[in-house]
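So the sequence lines, in the order shown, correspond to chains A and B.
Each residue of the first sequence is one higher than the one before, counting from 1 in UniProt numbering.
Each residue of the second sequence is one higher than the one before, counting from 1 in UniProt numbering.
If you're looking for bench data, these hints aren't it; they were derived computationally from the structure.
Don't be surprised by glycine CBs; every beta carbon is placed ideally from N, CA and C.
Some hints could be false.
If you want a taste of the chain B side facing chain A, the calculated C-beta under 8 Å gives, among others [claimed, not checked]:
(1) 57
(2) 641
(3) 650
(4) 651
(5) 652
(6) 661
(7) 666
(8) 719
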Amino acid sequence: MDFLIPSTFAEALAIKAERPEVVPIAGGTDVMVELNFDHRRPTALLDLTRIAELTEWAPSENLLRVGAGVPYVRIIDELGDRLPGLAMASRTVGSPQIRNRGTVGGNLGAASPAGDTHPVLLACDAQVEVASVRGTRMIPAAEFYLGVKRNALEPDELIAAVHLAPAAAPQQFSKVGTRNAMVIAVCSFAVALHPEQGRVGAAVGSAAPTPRRALAAEEFLAGELSDAGLWESPKPLLDSVRRRFGELAAEAASPIDDVRGTAAYRRHALAVLARRTLGWAWQDYCGTGETRSQSCA
Amino acid sequence: MSPLIGRAVPRVDGHAKVTGGARYAADTHVPGVTYGTLATSTIARGTITTIDTTLAQAVPGVIAVFTHLTMPRLVTPPSPYPKGFVPLQDATIHHNGQPVAYVVAQTLEQAQEAAALIDVRYHAEPAKVAIDDAPGEEFLPPPGPEGPQEFVHGDPAAGLANAHKKVDATYSSPVHHHNPIETSATVAVWDGDQLTLHESTQSISLTQQIVAQALSVPQNTIRVLTPFLGGGFGSKAPVWPHTLLTAAVARQLRKPVKLVLTRAQMYTSSGHRAEFRQQVTVGAAKDGTLTAIVNISNQQLSRTEQRVFNTSESSWMVYGCPNIHAKQLGVRLDLPTPHFMRSPEGPALVGLEMALDELSYELGMDPVALRLKNYTDLNPENGQKIGNQNLPECLKLAGDAFGWSRRNPTPRSMRDGNELIGWGMATEAHSYHARASSAWVQIDTDGHALARCGTQDIGTGTYTVMTQVTAEALGMPMNSVRFELGDTNFPAAGFSAASVTVSSVSGSVDKAARAARDAVIALAVADPHSPLHGAAPDRIVTEHGFLFLTDDRTRRDSYQGVVSRHGKPVEATGSFLNVPGYTTGASFIEVRVDPWLGRVRVTRAVAAYDIGRVMNHRTARSQVLGGMIWGVGYALTEHTMIDRHTARIVNPNLSGYLVPVNADAPKIEAFFVDKPDPTSPVGAKGFGEAPITGVPAAISNAIYHATGRRIRDLPITQDKLL
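Same shape as in the complex, but just chain A:
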């Protein structure tokens, strides 16, 4: 097996164009497991860890551009205020060692339905910047996940970055595991409020062949919030609204029984997670700005 160590992204793209079968490796937290279990035997590994430009983040127009190689620990430490949902999801990944190595780019590359950051990327309307020697294109997160561990990358493409808007309103992420840490999600859920668009982003993880937006839940809630004028003058959400949002979020899933949990448990837990995360996010929203309301505290 060849181990290729490009020092620039251009060099990496040239290699990927010439040898599309090479497997990119960043933190290695997924790839190394597959190699150790002999689940795949690539002819070559393409080490992306020496490419400085992948490990940088910066504002880009109205968005933040987060390099594919920025590890979870830096998202937590450096971007927790601007990307709170992504930071919350990053905190639930593995152990400190895994968070030191693992990257959002790697999460996207592996495209596991259980990847912790995916629901946040979906709920926050993230764009995935992918590149090849042919050029660069942006793929909306909602169009990125094609199937179990399959994504929209062409064989010669590499993930360069993700682009997300800095949070203008509360975001939440929650995950159920089979123990309190160091676990793959049984199911997970992310919600992001987008008051400027009068809508809410919501997505489920580890409960379908791909991470998936909960569109019916999004539409229902957008309608409820707009009809009641709650964006402008926030008041606590009715229990019935939160509950219906939870039900619709659970309906977005098509879970299976596996070693981590049953389909029935996943549906139930997703409804609880959706209801709770929405409650937390909305409570935060009520508590901000001039419309602070005691009843929301």
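Chain A is already provided as a structure; the job is to place chain B on it using the hints.
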């Protein structure tokens, strides 16, 4: 001088362990070593029809591929070899994961590559892998080393008929695996007809014996070395086939061979805790006095071995009851042979302690009061004292520290926001057997002491505690004493399992050290150059490396002075057979349950034990921490999942088999009664396995208190609490 025994001294091997200086079996570097790998069966029952190794043998670097057709013939050792057969001797497959080929190559990667290229064809037969697969096939196995599989005392039927309240329920637990951090490793090095085995074993002497039997060689031609172990928990107590095969292959090839089991192979190669199911029926009079305890259990056995490991002595060893019936049935399944796993007495006790909690609610009686009402110190088998006399003190120590008296027994009576809070408790109990041990102590002319015993340190602190025992017996500072273990050239000791190491080994080490001290005193009083010349030996004490006359402490000599004038080291040996015993305690648990998700967090654990005299408060506490945290796994997460169709283990790794992580560990407090056991020269009882035996029951009882839900099938996963 304050005693060294009991002090919370840090581990003497701690620095070596955290700096990589401790050499484990797999770290052994032998010039010219070759690498072994096992290819294992993919069916659970049947026969090999063809096995083609052509591709494997063509892999560069491959030295040999042994199959059942080409493997040297070995003798199947008798019990305690637990397997009943040696693999690679015939075409029969007894379980999934059984070795079907042994590959040796220049590198590990070459060996693994070759093993993957072996083409095995089978005639497969239907396999049964769960108790539910074999209804009606349970049977009463013949008596084992612990005695008959059925125990009857009094008239249990009458006791139940006369009971004021009864509980009759079935409790179950799944297959568990030990998961020591260090996977098992063997390095076999032959020099002529002498074999050295660098082995990860909890018993070097048993390894020597079993390997000698399998290879038909004299035991004294084999030397086994185990200076360090990365945990065992029972998995390394017996000798398993991989060791026999490695020794045989190395002899055949005349090359040193190293075999390190993979984590996945550990799930089929080194035993497990059998799936267990028990019907527990308990009855009590109005005042809580037990009128009957009936425990009918069933557990998985293999097709090739029928020894029962999950044992029910807690049915008659903890609570005094005039009418007791315990019956240990087994059922043969197409799985690897089960074995003991910290603690084999746990599964039965978990059922009993959950049943007593249920009974306490039937009676409207506090669970602690129910236990105090019934605990016993008399063994109904022989009328002799058990050694439980301090169990009431344990219940008080831990209960008071926990704040048990403030508990409202009503389920769902405590909450914090969304979370339900529950408090539960259970008695903990474990027996320890008698094991002979011998030790050797030498005091050198530089005044330093060296102690040796063929025991093991499985990570519990044997090095440290025996250094303390030696230093205290000699009257030397700890840094003048070195303790060595893990070498069959040293005086023999038993296995480091069944909670017996400290109780057994401390006796021989103490005796050898005292004999060496006495020999030095004898030299001193006979030595005209010694200030102690002519003194009566019994008037001399030893402290800090010096010898004093008690009547006149200005007359003193030193070990270094006496032995250097003597001109050569002073040696002594000691042998000891400990008295078997029973160790009890109690654990109190707080849980917080999220009723919407079914998530349980164990937030507080308080436990107290009577372990005789505490040898080292730090290492003793560590035993409690390990047992408590592992009990969390037992209660909530651990479960070896076996596919009913393929008989394969689905989660043979630490990602899928969920041992607790730091975030699952509660705040833990440990207390000890700390009264010397009179049968031990240093006051020690056996202890290792007691913490964990009741913890799963205490957690389950706490969950009942929190939620009103009684979950009798472990682990209590989130879906069961919805």
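A quick look at each hint next to the structure:
no.	hint	result
1	57	violated, 20 Å
2	641	holds, 6 Å
3	650	holds, 6 Å
4	651	holds, 6 Å
5	652	violated, 10 Å
6	661	holds, 5 Å
7	666	violated, 11 Å
8	719	holds, 4 Å
Hints 1, 5, 7 from the list above are not met by this structure, while the remaining hints are.
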